[in-house]
Amino acid sequence: MRTRTTSLRRKEEIAGYLFILPWIIGFAVFTAGPIAFSFFLSFHEWNIFNKMKWIGLKNYARLFSDPLFYQSLKVTLEYTVIAVPLSLITGLALALLLYPKVKGTSVFRTIFYTPSVLPMVATATLWIWIYNPQYGILNYLLSKIGIKGPDWLYSTEWVVPAIAFMGVWTVGPNMIIYLAGLEDVPQVYWDAAKVDGANWWQRFRYVTLPLLSPTTFFLLVTNTIGALQAFTQAYVMGGGGQGFGAPANASLFYCLYLYQQGWSWFNMGYASAMSWILTLIIFTLTMVIFRTSRSWVFYERG
Amino acid sequence: MKPFGRFLLVLIIIALMISSLAYAKKVYIRATTWDIAEGVKWIKEVFKEYEKLHPNVVINVQSITQGYSDKLVTSIAGGTPPDIFMWWDYPRLASLGVLEPLENVVDFSGVYPTLVKWVTYKGHIWGVAKDWTTRVIWYNKKIFDKYGVPYPKEDWTWEDFLETAKKLTHPKDGVYGFAVVPDPYAWEAWVKMNGGDYLSPDAKTMKGYLNSKQTIEAIKFLTDLYLVYGVSPSPSVREAAGGTYAMFESGKLAMIDSGSWFIGYMKARNPGITTKELAKRFGCTFLPHPKGKETMTMLHNAAWVVPKKSKHKDIALDIEKFLAKEGGRVMAKAGWALPISDKVAKELNLYSDPILGVFLRSLPYSVKDPSFLKREDWWKNFSKYIGDAFDMIMLKKMTVEQALNWAVDQSEQALKREGK
Numbered sequence: 001m002r003t004r005t006t007s008l009r010r011k012e013e014i015a016g017y018l019f020i021l022p023w024i025i026g027f028a029v030f031t032a033g034p035i036a037f038s039f040f041l042s043f044h045e046w047n048i049f050n051k052m053k054w055i056g057l058k059n060y061a062r063l064f065s066d067p068l069f070y071q072s073l074k075v076t077l078e079y080t081v082i083a084v085p086l087s088l089i090t091g092l093a094l095a096l097l098l099y100p101k102v103k104g105t106s107v108f109r110t111i112f113y114t115p116s117v118l119p120m121v122a123t124a125t126l127w128i129w130i131y132n133p134q135y136g137i138l139n140y141l142l143s144k145i146g147i148k149g150p151d152w153l154y155s156t157e158w159v160v161p162a163i164a165f166m167g168v169w170t171v172g173p174n175m176i177i178y179l180a181g182l183e184d185v186p187q188v189y190w191d192a193a194k195v196d197g198a199n200w201w202q203r204f205r206y207v208t209l210p211l212l213s214p215t216t217f218f219l220l221v222t223n224t225i226g227a228l229q230a231f232t233q234a235y236v237m238g239g240g241g242q243g244f245g246a247p248a249n250a251s252l253f254y255c256l257y258l259y260q261q262g263w264s265w266f267n268m269g270y271a272s273a274m275s276w277i278l279t280l281i282i283f284t285l286t287m288v289i290f291r292t293s294r295s296w297v298f299y300e301r302g
Numbered sequence: 001m002k003p004f005g006r007f008l009l010v011l012i013i014i015a016l017m018i019s020s021l022a023y024a025k026k027v028y029i030r031a032t033t034w035d036i037a038e039g040v041k042w043i044k045e046v047f048k049e050y051e052k053l054h055p056n057v058v059i060n061v062q063s064i065t066q067g068y069s070d071k072l073v074t075s076i077a078g079g080t081p082p083d084i085f086m087w088w089d090y091p092r093l094a095s096l097g098v099l100e101p102l103e104n105v106v107d108f109s110g111v112y113p114t115l116v117k118w119v120t121y122k123g124h125i126w127g128v129a130k131d132w133t134t135r136v137i138w139y140n141k142k143i144f145d146k147y148g149v150p151y152p153k154e155d156w157t158w159e160d161f162l163e164t165a166k167k168l169t170h171p172k173d174g175v176y177g178f179a180v181v182p183d184p185y186a187w188e189a190w191v192k193m194n195g196g197d198y199l200s201p202d203a204k205t206m207k208g209y210l211n212s213k214q215t216i217e218a219i220k221f222l223t224d225l226y227l228v229y230g231v232s233p234s235p236s237v238r239e240a241a242g243g244t245y246a247m248f249e250s251g252k253l254a255m256i257d258s259g260s261w262f263i264g265y266m267k268a269r270n271p272g273i274t275t276k277e278l279a280k281r282f283g284c285t286f287l288p289h290p291k292g293k294e295t296m297t298m299l300h301n302a303a304w305v306v307p308k309k310s311k312h313k314d315i316a317l318d319i320e321k322f323l324a325k326e327g328g329r330v331m332a333k334a335g336w337a338l339p340i341s342d343k344v345a346k347e348l349n350l351y352s353d354p355i356l357g358v359f360l361r362s363l364p365y366s367v368k369d370p371s372f373l374k375r376e377d378w379w380k381n382f383s384k385y386i387g388d389a390f391d392m393i394m395l396k397k398m399t400v401e402q403a404l405n406w407a408v409d410q411s412e413q414a415l416k417r418e419g420k
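For the record, the sequence lines run as chains A and B.
Just so we're aligned, residue 1 is where the first sequence starts under our numbering, counting upward by one.
Just so we're aligned, residue 1 is where the second sequence starts under our numbering, counting upward by one.
Chain A with its partners taken away, still in its complex shape (with noise of 0.2 Å):
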């Protein structure tokens, strides 16, 4: 009997790793190859053509030397900063207007979700025009209550800002997943508060909140290694499309100029190098968040 069901286990083992086979395959020479290779290569100098140089660690140390790194992390960071809170609280925002079980929620669900179906150039484009100066819509309507809008896209200080502030276009999946967070709460805890006489903010800050901290947490962590990986936005946006990083470097965000290294100058070991980076970067702003969490992330427990 015991034999019969240890082969018929090793079996089923032996199939399941079969079924996965291809996408171990599939991980391995797509995804895991390509990341040792770059590792490796980002202690060589190498042109794509060239033989391959060992340079050691001189990548990164021109790297700490190279104002465009300093400036790109800059960019990126300022961005993230912006970026995430933003859509984190848009997010937020829309997922307790939408979540009362009202007639017509899904239509509205499905409008605040379309724009983060559309292809993020399409996008960007769409706001390279609503972001114009003299005939955009933004600065039209801020003529409207007395406000002269910035350059936006052509101005230095204002560039990342208002790529940032596109985020809150595509806040669609933060909605979907905080609107699941609140589904997960039961119904029984608001009720309770009332009946203690908490109000509507009390309600809000001592009970939701709490209690879709992992969702927040979780959210926190995407969206920021998100926004580190920003690329597609700043490549359309940049100086309202006037080039890389425009006007002056401004919008030169990290991807942007790791791409640039690698693409048009085929620094390949550089580039490699700065992705490198990049990952130490997520890395440790994720140990951060994961630290901090203990205290201010509660999970429910029996």
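Keep in mind that the hints were calculated from the coordinates and are not lab data.
Bear in mind that the values here come from a model prediction, so they are computed numbers and not experimental data.
Any given hint could be a false lead.
For lysine-lysine, the following DSSO-like pairs were computed, each having C-alpha atoms within a straight-line distance of at most 27 Å [claimed, not checked]: (1) LYS141(B) to LYS167(B); (2) LYS71(B) to LYS53(A); (3) LYS172(B) to LYS144(A); (4) LYS71(B) to LYS51(A); (5) LYS308(B) to LYS53(A); (6) LYS58(A) to LYS380(B); (7) LYS51(A) to LYS396(B); (8) LYS51(A) to LYS380(B); (9) LYS374(B) to LYS51(A); (10) LYS53(A) to LYS252(B); (11) LYS416(B) to LYS53(A); (12) LYS167(B) to LYS51(A); (13) LYS148(A) to LYS252(B); (14) LYS122(B) to LYS51(A); (15) LYS368(B) to LYS293(B); (16) LYS74(A) to LYS416(B); (17) LYS396(B) to LYS148(A); (18) LYS51(A) to LYS309(B); (19) LYS53(A) to LYS26(B); (20) LYS172(B) to LYS51(A); (21) LYS74(A) to LYS396(B); (22) LYS53(A) to LYS167(B); (23) LYS207(B) to LYS368(B); (24) LYS293(B) to LYS53(A); (25) LYS51(A) to LYS416(B); (26) LYS380(B) to LYS74(A); (27) LYS148(A) to LYS172(B); (28) LYS148(A) to LYS313(B).
Starting from the structure of chain A, add chain B where the hints point.
Chain B alone, transformed into the frame defined by chain A:
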């Protein structure tokens, strides 16, 4: 019926075998270009002439519109390049040793010497020009007529140019005199005709050249057009107008600094329009020059090059020979592009053309030693910082002098980082 059926079958098989034999004999050549639509059409017409002379060769033209250089470079690195392709940044590929030099194979005697010089790097000739354009000042005649400003002459100075631009600027009507579009490549002519330069003659540094008095003066002249005299629309106004050409064509912009691409732009919107018809609405003339100095211009020339790893190198090189001899006749005859041979230009009587004639006559004024042909790392370690400096000036973050000094400094640091 049955024997007949078998007979038919045998006949079909024989026919298939014969045709496949003929098919097998054909050589397929892969050519790539970044041209689109009508540009590709005319390239195919040129290659058709070659195919007529060599019935066993079929040239497939592939148009790559997105990320041309990335895709091409990766295909070369991967060992599967096209057999012949269009290119423009010769130093980069030539320095990597992946291109076939052509000077011992192709007879360049019929090609404009300037065009040959502009594809020469480190003593070798790397391509046969497909077509070319110098930069000229295009002007919209309707705007000149409206404000009673005389059309510019070919021999005009920077002062004349500034005065003309001022007279044509009427913010109330939304009309501007000239579009200032900072571009290190295009502005090299303006800098050089003022006696300035970007690079030192030995191409080692920009120090003392990019920040020389003459260079500063030239860049100040150009950027002041926007910053001080206000004769130029801002980038956002141009963008909103649908781009520089659209703004120029629609009569909101009187003059632009551009190449023969504008002819293609107009042809795409008005199929069949000839340059003579175009000349009724638009004119073009030489770039203005500083007083007492001679005009210069920048050349844009794309050329066909052959990679060392071409699968059919002999045929690709033979095509290069043919292209040099053909001299751009097919495209010139169709009015699509400027010919690469003076013989063809004269034969087609293009010098008397009100528009093409200007381009042909300006060709000898192309700058003598363009910076991008001096260093393979020109774009990365020099041009990039010049472009950044221009941005800083236009955004009023720095004065011309500060910005150019800053660019020199950035470039020096970049070279040092790379140990060059």
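Structure-based check of all given hints:
1. LYS141(B) to LYS167(B): Holds, at about 14 Å.
2. LYS71(B) to LYS53(A): Holds, at roughly 24 Å.
3. LYS172(B) to LYS144(A): 22 Å, holds
4. LYS71(B) to LYS51(A): Judged against 27 Å, a Cα distance of about 20 Å means the pair holds.
5. LYS308(B) to LYS53(A): With Cα atoms ~23 Å apart, LYS308(B) and LYS53(A) stay inside 27 Å; holds.
6. LYS58(A) to LYS380(B): 18 Å, holds
7. LYS51(A) to LYS396(B): Status violated; Cα separation ~44 Å.
8. LYS51(A) to LYS380(B): 21 Å, holds
9. LYS374(B) to LYS51(A): 24 Å, holds
10. LYS53(A) to LYS252(B): 55 Å, violated
11. LYS416(B) to LYS53(A): Holds, at roughly 19 Å.
12. LYS167(B) to LYS51(A): 59 Å, violated
13. LYS148(A) to LYS252(B): The hint holds at about 25 Å.
14. LYS122(B) to LYS51(A): Given pair LYS122(B), LYS51(A) holds - Cα atoms ~22 Å apart, limit 27 Å.
15. LYS368(B) to LYS293(B): 15 Å, holds
16. LYS74(A) to LYS416(B): Holds, at roughly 23 Å.
17. LYS396(B) to LYS148(A): 19 Å, holds
18. LYS51(A) to LYS309(B): 17 Å, holds
19. LYS53(A) to LYS26(B): Measuring from Cα to Cα gives roughly 42 Å; hence the hint is violated.
20. LYS172(B) to LYS51(A): 61 Å, violated
21. LYS74(A) to LYS396(B): Answer holds: LYS74(A) to LYS396(B) is near 22 Å, not above 27 Å.
22. LYS53(A) to LYS167(B): Given that 27 Å is the threshold and the Cα spacing comes to 59 Å, the pair is violated.
23. LYS207(B) to LYS368(B): 20 Å, holds
24. LYS293(B) to LYS53(A): 49 Å, violated
25. LYS51(A) to LYS416(B): 22 Å, holds
26. LYS380(B) to LYS74(A): 21 Å, holds
27. LYS148(A) to LYS172(B): Given that 27 Å is the threshold and the Cα spacing comes to 20 Å, the pair holds.
28. LYS148(A) to LYS313(B): 62 Å, violated
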